[in-house]
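The residues making up each chain are set out below.
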Amino acid sequence: MMRFLLRRSLTLLATVLAASAVIFAALDVLPGNIAQVLLGPDASQEAVQALAQQLGLDQPAWQRYTQWLGGLLRFDLGLSHAYGSPVGELILERLSLTLPLALMAMLFTTVLALGAGVYAASRQHRLGDVGVMGLSQLGIAIPNFWFAILLILLFSVHLRWFAAGGFDGWSDGLGAGLKALFLPALSLAVVQAAILARITRSAVLEVLREDFVRTARAKGRSLRGAMWTHALRNAMIPVVTVMGLQFANLVAGTVVIENVFYLPGLGRLIFQSIANRDLIVVRNGVMLLAVMVVAINFVVDLLYAVIDPRLQGRDSA
Amino acid sequence: MNPHSLAQRALRHPSFVLGSVLLCLVACAALLSLVWTPYALTDIEMARKLLPPSGSHWLGTDALGRDVVSLLLAGARSSILVGVVAVGIGLSIGVALGLLAAAYKGWLEEALMRLTDFSFAFPAILVAILITAVLGPGMVNAILAIGLFNIPVFARITRGSAQAIWTRDYVLAARACGKGRWRITWDHVLPNIAAVLIVQASTQFALAILAEAALSYLGLGTQPPEPSWGRMLSEAQTLLFQAPRLAVFPGVAIAVAVLGLNLVGDGLRDLLDPKLSRQR
Chain G
0 MMRFLLRRSL TLLATVLAAS AVIFAALDVL PGNIAQVLLG PDASQEAVQA
50 LAQQLGLDQP AWQRYTQWLG GLLRFDLGLS HAYGSPVGEL ILERLSLTLP
100 LALMAMLFTT VLALGAGVYA ASRQHRLGDV GVMGLSQLGI AIPNFWFAIL
150 LILLFSVHLR WFAAGGFDGW SDGLGAGLKA LFLPALSLAV VQAAILARIT
200 RSAVLEVLRE DFVRTARAKG RSLRGAMWTH ALRNAMIPVV TVMGLQFANL
250 VAGTVVIENV FYLPGLGRLI FQSIANRDLI VVRNGVMLLA VMVVAINFVV
300 DLLYAVIDPR LQGRDSA
Chain S
0 MNPHSLAQRA LRHPSFVLGS VLLCLVACAA LLSLVWTPYA LTDIEMARKL
50 LPPSGSHWLG TDALGRDVVS LLLAGARSSI LVGVVAVGIG LSIGVALGLL
100 AAAYKGWLEE ALMRLTDFSF AFPAILVAIL ITAVLGPGMV NAILAIGLFN
150 IPVFARITRG SAQAIWTRDY VLAARACGKG RWRITWDHVL PNIAAVLIVQ
200 ASTQFALAIL AEAALSYLGL GTQPPEPSWG RMLSEAQTLL FQAPRLAVFP
250 GVAIAVAVLG LNLVGDGLRD LLDPKLSRQR
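From first to last, the protein sequence lines stand for chains G and S.
When you line the first sequence up against numbering that gives the first Met the number 0, it's residues 0 to 316, in that order.
When you line the second sequence up against numbering that gives the first Met the number 0, it's residues 0 to 279, in that order.
If you're looking for bench data, these hints aren't it; they were derived computationally from the structure.
There may be inaccurate statements among the hints.
[To be verified] Some residues of chain G that are not near chain S, with every Cβ distance over 10 Å (derived): (1) Arg2; (2) Ala46; (3) Gly70; (4) Pro99; (5) Ile139; (6) Leu158; (7) Arg216; (8) Arg220; (9) Ile236; (10) Leu302.
[As the list claims (entries may be wrong)] Computed footprint of chain S on chain G, listed as stretches where at least three residues anywhere in the stretch have a Cβ under 8 Å from a Cβ of chain S: (11) 52 to 61; (12) 118 to 132; (13) 262 to 273.
Note that the Cβ used here is the ideal one computed from N, Cα and C, for glycine as well.
Please model the entire structure based on the sequences and the hints provided.
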């Protein structure tokens with residue numbers, strides 16, 4: 000296990016480093032002089048040069064890259080040009096929305112997908128199965144931002160149960176915060192739940208054909224009993240893997256959904272910073288999202304090895 | 000596989016038939032928009048803004064008085080164009096890299112596979128946002144972003160499928176006859192993995208349409224005056240109280256296109272998988 004952990008940790012480190020290099024290289028060649036963009040077209044040449052110096056744009060790229068990496072390790076991410084506040088504080092503040100949103104969406108995804116997948120498997124080729132699979136096919140085809148707009152149309156415009164967007168923070172209480180995130184989380188979850196439900200169904204059906212399930216049934220276990228005690232646990236291996244990948248997708252998907260609901264989260268911060276040419280915020284925000292995705296994949300790898308210990312041996316071989 | 004029997008089985012496959020019908024609808028809309036739309040796309044007339052559906056405007060008009068049916072027809076053109084080119088980029092570069100990795104193995108394979116592993120650290124939308132942030136918004140950059148994301152997907156699936164073909168006896172026989180790696184790749188490997196690639200291409204096409212719609216919704220994809228389903232949704236969202244119907248039609252169009260591609264992909268998987276065909 001230690002050898003497996005070490006190998007995976009080294010891969011994680013290498014991936015994070017490579018990601019930082021790609022992000023820095025991509026954004027460093029951003030067209031246009033950042034100092035000129037920030038000061039506007041009427042700014043004098045002297046003012047532009049002074050700001051460029053202040054931002055460190057006159058230094059060689061490798062030097063700026065190493066300085067940025069050092070800053071990342073100390074969590075000193077510099078100052079946002081547009082907001083005038085430390086990028087670290089800005090990102091942490093926005094994460095207090097994005098992280099709960101992604102977690103809530105993952106919870107919805109899991110509940111919807113496991114329920115629908117197990118239900119469909121228990122009624123294979125019957126009306127319930129066909130219905131669930133048809134709905135999941137539809138769920139996969141719907142863009143999440145359109146589903147979000149439809150939810151706003153139904154629950155905000157017609158029924159007036161939820162606000163059409165915005166988030167007043169957690170100071171109004173947990174209930175108010177969760178209510179504001181309910182529709183965004185649901186719209187993020189539906190597409191992922193549709194995919195996961197199909198995977199859960201086929202994984203459960205595969206396990207139901209195994210000898211140990213047949214034995215359990217022969218010993219008098221009901222189909223439902225065998226399903227929950229034997230099939231589901233063994234079907235979790237592929238399901239957990241896909242869930243990990245989906246959580247990464249949910250985190251990235253917040254960029255779009257936060258824009259639909261005008262939520263002041265990390266995704267919207269990155270998006271607005273692109274428009275403002277606030278390079279330093281974009282760079283650190285995208286880096287954080289990439290690190291989150293890599294870290295989630297790392298945890299999934301570990302979970303996968305815990306669920307199926309054969310993988311550790313395969314990896315060290 | 001006998002093409003005649005394949006066509007017969009395809010016609011009996013419900014999801015393939017339904018998917019093909021939906022896809023035909025979208026393709027016909029795109030083709031039709033090249034030669035005819037009920038009203039010109041640049042026909043802006045504020046006097047007829049937000050008109051409800053009627054005989055002269057079947058689905059009504061938008062906030063600028065443009066005919067919604069005309070915009071939807073032309074939007075199909077943008078979606079298909081982005082999908083075809085983005086999948087084309089991924090398919091041509093990704094398949095070439097995957098075949099190269101499977102044929103030469105060693106450090107080349109290792110390097111390519113680590114590169115694809117690394118690329119999966121960036122979800123599609125993140126790559127697209129990063130690229131459009133660097134190169135600016137626009138249809139070409141959106142295509143580039145989606146195409147770039149497709150490369151590792153095709154590289155990985157090609158390498159995996161090609162590796163399996165390289166272990167077959169007929170490849171061994173071809174090597175014994177003195178055929179080179181490139182000849183074997185061209186004559187034996189590529190034709191045998193074509194089915195897998197076609198199925199994957201249909202899935203990636205559907206994802207490309209969704210990605211283009213999302214980028215255009217955010218204002219990073221197709222730019223005015225070229226119509227796009229994603230941007231139509233973004234414009235409709237500001238009018239949810241006055242004209243909620245505007246937020247429905249473009250979404251239905253995207254869902255029809257994606258559903259069609261997914262159903263055709265599922266159908267092709269069943270029809271082209273030799274193991275499954277033997278069971279039938």
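Structure-based check of each hint:
no., hint, in the structure
1, Arg2, "19 Å, holds"
2, Ala46, "25 Å, holds"
3, Gly70, "20 Å, holds"
4, Pro99, "19 Å, holds"
5, Ile139, "6 Å, violated"
6, Leu158, "13 Å, holds"
7, Arg216, "25 Å, holds"
8, Arg220, "30 Å, holds"
9, Ile236, "19 Å, holds"
10, Leu302, "17 Å, holds"
11, 52 to 61, "violated (count 0)"
12, 118 to 132, "violated (count 0)"
13, 262 to 273, "holds (count 3)"
Consistency note: the structure conflicts with the earlier hints numbered 5, 11, 12.
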